[in-house]
Structures are given as structure tokens and as C-alpha cells.
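Its first residue numbered 12, the sequence shown is counted upward by one per residue in our numbering.
Simulated from the structure, these hints should not be mistaken for lab results. Treat each hint with caution, since some may be false.
Listed next, the in silico DSSO-like pairs over lysine-lysine satisfying Cα-Cα at most 30 Å (straight line) [stated by the list, open to error]: (1) Lys130 - Lys101; (2) Lys25 - Lys201; (3) Lys201 - Lys130.
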Amino acid sequence: MWNVEHEICNLGLKPGIWTGPFEVSERSWVYQHHKDWLVRDDHGQPILIGYVDRTDDRLYVLDTTNPGAQEYLRQTYQTLAREWGIRYIKLDFMDYTLVEGHYYRPHTTALEAERIGLKIIREAVGPGVLLDKDGSEMLNAVGYVDEGRIAPDTGHSFEASKDAAPNIAARFYMNGNFYTNDPDAFSVSKEVEPQQEWHESKSGLTLSEAQVQIVLAALTGGMYEIGDDLPTLGSDPERLALVENQELLDMNRLGRAALPLDLMTFRPEDEEPSVFFLREDARQAMLTVFNWSERPLSHTFTLDGLG
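Please model the complete structure; the sequences and the hints are all you need to start from.
What follows is the structure, encoded as C-alpha cells:
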């Protein structure tokens with residue numbers, strides 16, 4: 012990995028990596044050598060939380076209050092940041108490891124244990140590395156991470172955008188206050204992702220559905236990540252134009268989330284919040300209206316009503 016990451020750095024890029032910081036698999040070094048570093052049940056057995064996707068490899072929880080586990084966590088993330096040159100680290104599946112049990116430090120709650128682990132990771136990587144909270148309680152990571160996921164995983168379908176929208180709307184205020192909002196990577200290509208069973212699409216995004224997804228990402232004012240295969244996207248000028256759209260880029264560069272005007276007052280026929288307003292400066296603003304239904308809808312706005 013050292014060679015791979017430094018090859019990336021030599022290309023003028025900044026490498027990032029995905030991690031599940033507090034998950035311990037049955038085939039891991041920790042499980043094989045230090046079962047005493049795991050969170051235990053009333054019978055003294057490690058608590059099983061699930062399996063590695065599509066395998067029989069069992070998963071357990073690292074006890075972040077155990078001194079040995081703490082040192083292991085510290086050395087692991089120091090290696091990522093200081094030896095491999097990683098500058099962006101995603102911290103995922105922390106919701107699965109948020110379990111109550113017997114910790115090395117008595118009377119520790121799962122939320123406290125997660126905070127202890129996050130503090131160790133932040134100190135290990137230093138301030139120059141971006142930490143992105145993925146799966147975890149929304150606010151438990153505040154103060155230790157730079158970015159935080161506010162919506163479900165992106166899918167290559169209209170339903171995926173529809174699922175993400177109310178999460179993005181309800182958490183607009185978090186951007187810049189708790190961390191930089193991360194709506195997950197948008198997709199604008201015709202690619203399909205058969206492994207995403209919850210948002211499986213056999214036909215890919217239509218152009219209008221692609222427009223919905225990229226505009227929704229721009230409204231967050233936070234992370235603006237493209238999840239498409241770039242060579243494939245480059246062969247489709249119409250889709251590439253969405254990524255290069257200057258108005259969307261300018262909206263995102265402001266770093267401010269658009270205000271969901273109908274967050275608590277959306278009409279039954281709209282199904283969910285659908286109107287967003289972003290004041291860019293004294294002379295320009297952006298009004299975004301989505302139709303989440305399967306039928307034509309209309310809205311009426313007045314300029315003085317927008318403010």
C-alpha cells in the first residue's frame with residue numbers, strides 16, 4: 012500500500028481511503044491474537060454484529076476503551092496518514108459497532124466508546140487529514156470529523172434521489188455548523204449498479220433524472236463528489252456538461268446549504284420537501300423546485316414571498 016499511495020501522490024493527487032474503524036472481522040489479526048480487545052456480552056463472549064458482505068466472515072466490535080486496542084487504533088491511523096500519505100479518510104459502519112456491552116472501562120456507553128475512538132483517530136492523523144463521518148449517529152462525531160454524511164448511499168435511479176432529498180432537506184443547518192455536509196457522490200451517467208439492491212436500476216438515469224441528482228448535491232453546499240466512471244462519462248457530452256455547469260459549481264463554492272422552504276409544510280401531492288432557495292448575493296438567488304411524484308405538478312411563487 013505504501014507504494015500505491017505514493018504513486019498517487021507523485022501524480023499530483025491526494026489519496027483517500029475507506030475504513031470501518033471499529034469493526035473486527037473473524038479473519039483479522041486482532042481477532043486471531045487479541046479477542047480481549049473486543050466488546051463482550053454478559054457471558055464474556057465477543058458480541059457478534061453481523062457478517063462481511065456476501066461472506067461467512069463474522070464481525071465484532073473493537074473496545075476503544077482497552078489500552079491495547081487504543082494503541083492498535085492509534086498506530087493504524089498514524090500509518091495511513093504519516094507513512095502512506097493518506098489525506099482523506101472515510102469512517103464507515105460506526106452505527107453497526109454502536110452496541111451496548113461490557114467494555115474494558117466499566118460503565119461506558121456505546122456513544123462514549125465511539126467518541127473515545129474518534130478522538131484517538133483524530134489525534135493520530137492530525138489536523139491536515141480530512142475525516143468524513145459516514146455511518147454513525149448524526150451528531151456523535153461532531154468536533155472530531157471535518158465532513159459528515161447526511162443522506163443514504165447514492166444509487167443510479169430516481170428513487171435514490173427521492174430517498175436522499177428529505178434527509179438533505181432536514182439536515183441543511185448542519186453544514187458549516189457541525190461539519191461540511193456530505194450528500195454522497197452524485198451520478199449523472201447511464202451506468203447501472205446491480206450490486207446496490209436497494210436502488211437497483213436496469214436502465215440507468217435518464218437525463219432529467221441525472222439533472223435531479225446533481226442539482227440536489229449542489230444544494231447541500233458541502234461535498235461535491237462525482238461517482239461516475241470518468242472515461243465513460245467523457246464520451247457523453249450531454250452528461251459531461253452537467254458536471255461542468257458553472258452555475259452549479261458556483262452554488263457549491265458558496266459553501267452554504269439551500270434553505271428548504273417547505274420542510275414542514277410540503278403539500279400532500281408533493282410527497283416530500285421539494286422547494287429550495289439559495290441567496291447567493293444581493294443580486295442573485297437560486298430557486299430549485301423538484302417534482303417527486305409520478306404526475307405533472309405546478310407551484311406558484313411571488314418574488315416578495317421568497318425574501
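Checked hints:
1. Restraint check for Lys130 and Lys101: satisfied, since their Cα atoms lie roughly 15 Å apart, inside the 30 Å limit.
2. At roughly 28 Å between alpha-carbon atoms, Lys25 and Lys201 fall within 30 Å of each other, so this suggested pair holds.
3. Between Lys201 and Lys130, the direct Cα distance comes to roughly 41 Å. Violation of the 30 Å bound is thereby established for this hinted pair.
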